[in-house]
Amino acid sequence: MATFPQGCALLFGGSGGIGSGISHVFAQAGADIAVVYRSHAARAGQVAASAQALGRRATIHRADVTQAEAVHAAIDEAIAAHGRIHSAIWAAGPLVNQRYLTATPMEEWRHAFDVEVHGFLTMAQYLIPHMRDHGGGSFVTLGSAGHNWWPARDGMSVAVKASNEQLVQGIAKEEGRYGIRANSVLVGVIDAGQLHELTRQGQIDQRWVDNTYRLLCLKRWGTAEEIGHACAFFASNEAAYVTGQRISVSGGFGV
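If you read the sequence shown in this note's numbering, its first letter stands for residue 1185, the second for the next number, and so on.
Hints in this document: simulated from the structure, not taken from any laboratory.
Mixed in with the good hints, there may be bad ones.
Stated by the list, open to error - Listed below are the simulated SDA-like cross-link pairs for lysine to any residue, each with C-alpha atoms no more than 20 angstroms apart in a straight line:
#1 Lys-1403 with Asn-1421
#2 Lys-1357 with Asp-1375
#3 Lys-1357 with Ala-1252
#4 Lys-1403 with Thr-1383
#5 Lys-1357 with Asp-1389
#6 Lys-1403 with Phe-1417
#7 Lys-1357 with Gly-1428
#8 Lys-1357 with Gly-1436
#9 Lys-1357 with Pro-1313
#10 Lys-1357 with Arg-1316
#11 Lys-1403 with Ala-1423
#12 Lys-1357 with Ser-1347
#13 Lys-1403 with Ser-1432
#14 Lys-1403 with His-1380
#15 Lys-1403 with Trp-1334
#16 Lys-1403 with Tyr-1425
#17 Lys-1403 with Gly-1428
#18 Lys-1357 with Tyr-1425
#19 Lys-1357 with Gln-1390
#20 Lys-1403 with Pro-1335
#21 Lys-1403 with Gly-1438
#22 Lys-1403 with Gly-1436
#23 Lys-1357 with Gln-1309
#24 Lys-1357 with Val-1301
#25 Lys-1403 with Val-1439
#26 Lys-1403 with Ala-1346
As the list claims (entries may be wrong) - Computed Cβ-Cβ distance ranges for the label pairs, DEER-style:
#27 Glu-1358 with Met-1290: 29 to 37 angstroms
#28 Ser-1223 with Arg-1316: 13 to 21 angstroms
#29 Met-1185 with Asp-1375: 19 to 27 angstroms
#30 Ala-1226 with Asp-1394: 34 to 42 angstroms
#31 Gly-1360 with Asp-1389: 16 to 24 angstroms
#32 Trp-1293 with Asp-1394: 40 to 48 angstroms
#33 Asp-1394 with Gln-1190: 43 to 51 angstroms
#34 Arg-1398 with Gly-1267: 26 to 34 angstroms
#35 Ala-1265 with Pro-1313: 40 to 48 angstroms
#36 Cys-1401 with Ala-1257: 40 to 48 angstroms
In this text the structure is predicted, and so the values were computed from the model without any measurement.
Just so it is clear, CB atoms sit at the ideal spot from N, CA and C, and this is done for glycine as well.
Put together the whole structure using the sequences plus the hints.
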């Protein structure tokens, strides 16, 4: 059973397909949560209500992560509500259209970096002083299992998450002396969120499913909660001596 320091876990993208599963796992494990959403207030409210039903304190905060002022305001609101943020989980990200690199419009590329990389760094830069003042903290980002096996037509997702992998390494190296840790969960094909939307749009078809299954040791898709369990471990007291690391939750993708 995971245990956590005093305060809350701050979840950017915590109401999304994977993010809501992560939020639920944290609440189940006994953590208070602050859920940051961009446009789906009702969904964020449902996530918070589910956590509250488990006896946890849960708040929701709106922010467009491409706007620094909005990110800062969401963090300030969470601190005001919970007193301390002990962990920040970065699950925010745009829908990634399945294209080859040569067919990826530059505006989509720039937007993905603005959301995932610049957004994460904006959050970390603002939150690190708070964590230093409170004896430490933990950052967890969602990476891509495609770092270990290049996924055709999903290169933009791999590229932005690889950038955050390096930021995680930098935070672990630079901030460890303050008790601040940073780790990543590499995400495989998860039966939630983007998989559902890309299937609905026809960007994922049966041929894609068949080809991807061949790359899995475990012949099924993962669940959002399985990503959540890895995130909760990294954020927990039980991982207090773990930093600069990554774990692939991908069913053995590409092994």
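The hints, checked one at a time:
{"no.": "1", "hint": "Lys-1403 with Asn-1421", "in the structure": "violated (32 angstroms)"}
{"no.": "2", "hint": "Lys-1357 with Asp-1375", "in the structure": "violated (34 angstroms)"}
{"no.": "3", "hint": "Lys-1357 with Ala-1252", "in the structure": "violated (24 angstroms)"}
{"no.": "4", "hint": "Lys-1403 with Thr-1383", "in the structure": "holds (18 angstroms)"}
{"no.": "5", "hint": "Lys-1357 with Asp-1389", "in the structure": "violated (42 angstroms)"}
{"no.": "6", "hint": "Lys-1403 with Phe-1417", "in the structure": "violated (24 angstroms)"}
{"no.": "7", "hint": "Lys-1357 with Gly-1428", "in the structure": "holds (7 angstroms)"}
{"no.": "8", "hint": "Lys-1357 with Gly-1436", "in the structure": "violated (28 angstroms)"}
{"no.": "9", "hint": "Lys-1357 with Pro-1313", "in the structure": "holds (16 angstroms)"}
{"no.": "10", "hint": "Lys-1357 with Arg-1316", "in the structure": "holds (14 angstroms)"}
{"no.": "11", "hint": "Lys-1403 with Ala-1423", "in the structure": "violated (29 angstroms)"}
{"no.": "12", "hint": "Lys-1357 with Ser-1347", "in the structure": "holds (16 angstroms)"}
{"no.": "13", "hint": "Lys-1403 with Ser-1432", "in the structure": "holds (16 angstroms)"}
{"no.": "14", "hint": "Lys-1403 with His-1380", "in the structure": "holds (18 angstroms)"}
{"no.": "15", "hint": "Lys-1403 with Trp-1334", "in the structure": "holds (19 angstroms)"}
{"no.": "16", "hint": "Lys-1403 with Tyr-1425", "in the structure": "violated (33 angstroms)"}
{"no.": "17", "hint": "Lys-1403 with Gly-1428", "in the structure": "violated (30 angstroms)"}
{"no.": "18", "hint": "Lys-1357 with Tyr-1425", "in the structure": "holds (13 angstroms)"}
{"no.": "19", "hint": "Lys-1357 with Gln-1390", "in the structure": "violated (43 angstroms)"}
{"no.": "20", "hint": "Lys-1403 with Pro-1335", "in the structure": "holds (17 angstroms)"}
{"no.": "21", "hint": "Lys-1403 with Gly-1438", "in the structure": "holds (12 angstroms)"}
{"no.": "22", "hint": "Lys-1403 with Gly-1436", "in the structure": "holds (9 angstroms)"}
{"no.": "23", "hint": "Lys-1357 with Gln-1309", "in the structure": "holds (15 angstroms)"}
{"no.": "24", "hint": "Lys-1357 with Val-1301", "in the structure": "holds (18 angstroms)"}
{"no.": "25", "hint": "Lys-1403 with Val-1439", "in the structure": "holds (13 angstroms)"}
{"no.": "26", "hint": "Lys-1403 with Ala-1346", "in the structure": "violated (26 angstroms)"}
{"no.": "27", "hint": "Glu-1358 with Met-1290: 29 to 37 angstroms", "in the structure": "holds (31 angstroms)"}
{"no.": "28", "hint": "Ser-1223 with Arg-1316: 13 to 21 angstroms", "in the structure": "violated (32 angstroms)"}
{"no.": "29", "hint": "Met-1185 with Asp-1375: 19 to 27 angstroms", "in the structure": "holds (25 angstroms)"}
{"no.": "30", "hint": "Ala-1226 with Asp-1394: 34 to 42 angstroms", "in the structure": "holds (36 angstroms)"}
{"no.": "31", "hint": "Gly-1360 with Asp-1389: 16 to 24 angstroms", "in the structure": "violated (45 angstroms)"}
{"no.": "32", "hint": "Trp-1293 with Asp-1394: 40 to 48 angstroms", "in the structure": "violated (29 angstroms)"}
{"no.": "33", "hint": "Asp-1394 with Gln-1190: 43 to 51 angstroms", "in the structure": "holds (48 angstroms)"}
{"no.": "34", "hint": "Arg-1398 with Gly-1267: 26 to 34 angstroms", "in the structure": "violated (49 angstroms)"}
{"no.": "35", "hint": "Ala-1265 with Pro-1313: 40 to 48 angstroms", "in the structure": "violated (19 angstroms)"}
{"no.": "36", "hint": "Cys-1401 with Ala-1257: 40 to 48 angstroms", "in the structure": "holds (44 angstroms)"}
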